[in-house]
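Those protein sequence lines, which keep their order, are chains A and B. Heads up, the first sequence is in my numbering, so the first residue is 150 and it goes up one at a time. Heads up, the second sequence is in my numbering, so the first residue is 7 and it goes up one at a time.
Do not take every clue at face value.
What the hints assert, rightly or not - Pair by pair, the computed Cβ-Cβ distance ranges are:
no., chain 1, residue 1, chain 2, residue 2, range
1, A, 585, B, 107, 56 to 64 angstroms
2, A, 714, B, 81, 53 to 61 angstroms
3, A, 916, B, 167, 48 to 56 angstroms
4, B, 167, A, 999, 52 to 60 angstroms
Claimed, not checked - Derived list of chain B stretches under chain A, where covered just means 3 residues or more per stretch with a C-beta under 8 angstroms from a C-beta of chain A:
no., region
5, 18 to 27
6, 51 to 59
Hints listed in this document are in silico derivations from the structure and should not be mistaken for laboratory results. Using N, Cα and C, we set each Cβ at its ideal position, and we do this for glycine too.
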Amino acid sequence: MTEKNFLTKTLTETMLTRRSFLKWSAALGGTAALAGGVSYGLKVAQATAEKAASEGEWVPAACWGNCGGRCLNVAHVVDGVVTRQKTDDTHPDSPDFPQQRGCSRGRSQRQRVFGADRLKYPMKRAHWEPGGGDKSLRGKDEWVRISWDEALDIVASEIKRINDKYGPGSILWGTNAVAAAAGYVNTWGSTSSGTWAYTAPRVITSQSNMGNDRLDMRKSKLIVMWSTDPICSSGGSPAYHYLQSKKAGAKFIFVDPFFTNSAQVLADEWIPIRPGTDTPMLLAMGYTLITEDDPATNPLIDWDFIKKNTIGFDNTSLPDGVEPDENYRDYVLGLDASGHPAPVGHKNYPAKTPEWASEICGVPPEKIRSFAIEIGQTNPVAFMQSDALARVNNAQSVGQAFVAIAAMIGSIGVSGGGFGQTRHAAAGNRGPNLINLGSSGTVLDSPKNPVSARINNNEVWDAVLTGKYTDGVGPKKDINIQMVYHTKGSRLQTTVGQAKGIQAMRKVEFALTTDFHLTTGARYSDVVLPVTTMWERDGYVTNPNREAVFWASKVIDPLFEAQDDAWIDWQLGLRLGVYDPNLTEISNLQQAVNRVAGATVVKEDGKTTEPLVSITEDDLKALGVTGEPQTGRIPIMDFKKAGSYQVPRSEGDNFTFIALKDFRKDPVANPLDTESGLVELYCQKLADDVTALGWTAIRAIPAYIPPERGYETTFSDWENKVKGPYPLQMYNKHYWRRSHSEFDNVLQLREAFQQEFLMNPIDAEARGIKNGDIVKITSSEGSSIRPVLVTDRIMPGVTQLPHGAWTEYDESLGVDKAGSDNYLEAGVPTVEGHSGFNSQNVQVEKWNGPGLAPDAQWPQRIPLKEA
Amino acid sequence: MAKQLGFYFDSSACTGCKACAIACKDRSSLPVGTNWRHITDYGGGGWVPDPNHPDLLIANNIYVYSLSTSCMHCEDPACVNVCPTTAMYKRDDGIVLVDASKCIGCRYCEWACPYGAPQFSEEKGVMTKCDFCQDLQAQGLDPACVDACPMRALEFGELDELRAKYGDVQAVDPLPDPNITHPSFVMTPHKNSQPVGSGNGKILTVSGKV
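Produce the entire structure from the sequences given, and follow the hints as far as they go.
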């Protein structure tokens, strides 16, 4: 078989099997010079011969996705190929001292790394010319393999050309080399944590300082899980921690538009609620608590905390000069300054009764009332949410309204209580890290980016297309983006308004992507550079949660011609003449060892610390790094081999964390970082800072603003309840198949988790849609087609499209066939400029066009059929 | 030597995350289309008008539970009984295995097994199935699925001991009647489990099948 035929065969397989991989390596080994001087194949061929009889070894391997799970991955490596994975078995498993077990995504990493769709060589678009050539071919053109030299020369010359022609501010995103040579425009705006990004630090405390640790959460009597599904969005251990609270007797109430997978195991009760209507519900709960509270006969409100630890609850605790009826109580009760019911048109009108809220949020008023009374009467209550409710247009008040309830029911600063965000890697287990890593000791400074223009995520594609962007209050500013550089992050996939994004990609003069698969951004680029995965590098050291630290090793040599991001940046910087070739950065391994050597771990007393690792001269020699011997808790080589160190925990240990405990006890001695040092139910700084951004003026109290593309906007006539052109709500949910958009190309995950569109049987039936039909989902931005899962798990009137599917825009049909959430989402800048992923309105109809193959049978994105 | 090895599964803790199924695929490098372990999401309930507010729909007993099942290494395995070549056999420790050298790929076992456990390999032309990670067990290790579960809902061991520890529930809807093959399987049902054969709920996929 010729090399060419062999490669063709290999690359048409869905995954590089060890056999085909080794054959490929051996074939390439003889002609390594053809591969642009990269000798990878040769090295592997030699290693194969040397280790022919070996049975391989287990190597701690990075699980680097941004899912929040942060679990231990270990790879079985045989002759440079990973044949199997396992998860944490570094210590016996128990609920107190649990193994950090991974999820289906983490256990699919080797399918990503060795997928036949790995990008293997630098490529350019077949019809690319300086300046772009026929730019409409982006996303449709053939790909041509090029050498690294040619690729880097193209990129460097386009950066220079565009910067010379259009000046600073014409390149969107970039790396250090771009910053030094030309500067680049960055984007901004909260994505993950929605409006909590501004609300949390101004109203109460940083996001990381909310919620108690997992052992303390076993003392909760009631745990409210509001718009949070940790088993899906965090994977790994968080759901297991909550299971311990359940076993210890906690009742769980879930508030969510969807009966989640976490709910199916944990929930004692599910309160369905429409997306984006949490603020009215919370305000009505506040109304109930205030009107039903009787300190003598029915104590619901923690008056001691309200009086000592908050401002703005009522007109007795307002800053000087504030209108007296601009407070939480009067707003919720709908009162004017004289204490009378506010008239129509008054800023506090109407009273936020359960009946008022029910019309919006869909929860019966009786349930709002009984739920509020239950959490008021129960102690202690953990009042928790993820950020999904804050990823809603205009929803700046939801965090403040949430904190108001937590404050009233006495959940803040108490054992068994806790409030606010339970999310990402810290879901179900808040508190400061018990192990803190040292510094990496890098020697080169990052160059300063001279371009100060920053575009909000919601406006970025509009800015490319129209040349205008918002920069605070006042007229929009001009910008002329002529190059897009997708680096470290699949922005075209993960940013709202993707339909416009595709147009924007076809407008600029040059588009570049560095990645290891043909992600959405890569597909619409002119030049694509293959990068290594974290399995092909040293240097992954991380705190997966507060109790553990992981150190993943380099598992395999770089595949094909993939190079590290840092190498690419270095080569670009040299070509652009901005880097000194005589300077070099310390190695990834040296950086990792530095972080480990500097790591400290808290001792059993919970206060003092000691170095994590002991290091000997022999260790340094064996590692091939520089450093000083030291004494610590565990030998460094043991840590490296295991890949994990975890602090043992047990009930009654000294590592318990109760958020804001000291503040509760003595707010004067232990003030918050807010302007007043107290919990701000009136927060002037939040109102000022948000209003100054130029999109939405808000009040300093948690006043409800109906969201753009929320429930109310599904009606063309709200008063008479006449539905409009997009009568259904659509929101997105983190899904097991992916960590955001990562892993979407992994076939075994596509098989296990189809990208389905979810709708309620009532809405389906009204449209003649049956379970399993292909439906067309249309928003203001465009249409997607997807199989529909008709299920009672989702509320009537609400639909769900799982987050992160790689768009497959079909030019002839004019639809996205993958069900990409951001294809249907619109960039709607409101309040603090966060992305309102969970607020969109759609129409759904049965699709009568061509059908869809099951996701796992779609062709892989293999851009080069021949090498 | 064990008399009969079996699985224990805790449906009350299972979230349906499929970590076990993916760990199984990874351990044996199973291609798309071949699955030795299956997860079934099953649920029911619906939406009814609120008696106090007829325009408002409220959730009525909506429930979901998940089942994780592989080969049940049955005491009376249908696959072994129908195999015309004795390729499918039961070992002394109760593990049901397929001898690929004897298998002719007739797929009778696939048809006979009520659990969908034997899986035909297009590539090899023979049946494949869960081998209880016998190689790992021989090294004193656990089956891959058991060690994978983030909720610790899977265990394995001597069936008698599992029964003594967890009781003798062997099935809930939509699993088949355990009297057909006497699976080596014990489970803790979810609080909303429906009785075998009741058909009260639905399998929650677009195809309506596992």
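Hint says 56 to 64 angstroms; check whether the CB-CB distance for residue 585 of chain A and residue 107 of chain B agrees. Given a distance of about 57 angstroms, which is inside 56 to 64 angstroms, the answer is holds.
Range hint 48 to 56 angstroms (beta carbons of residue 916 of chain A and residue 167 of chain B) holds or violated: With a Cβ separation near 53 angstroms, residue 916 of chain A and residue 167 of chain B satisfy 48 to 56 angstroms, so the hint holds.
Given coverage of the region 18 to 27 of chain B by chain A, tested with a Cβ cutoff of 8 angstroms and a minimum of 3 residues: holds (count 9)
Cβ-Cβ distance between residue 714 of chain A and residue 81 of chain B: within 53 to 61 angstroms? holds, 56 angstroms
If you count the residues of the region 51 to 59 of chain B with a beta-carbon closer than 8 angstroms to a beta-carbon of chain A, do you get 3 or more? holds (count 6)
Residue 167 of chain B paired with residue 999 of chain A, Cβ distance criterion 52 to 60 angstroms: holds, 55 angstroms
Checked against the numbered hints given earlier, this structure breaks none of them.
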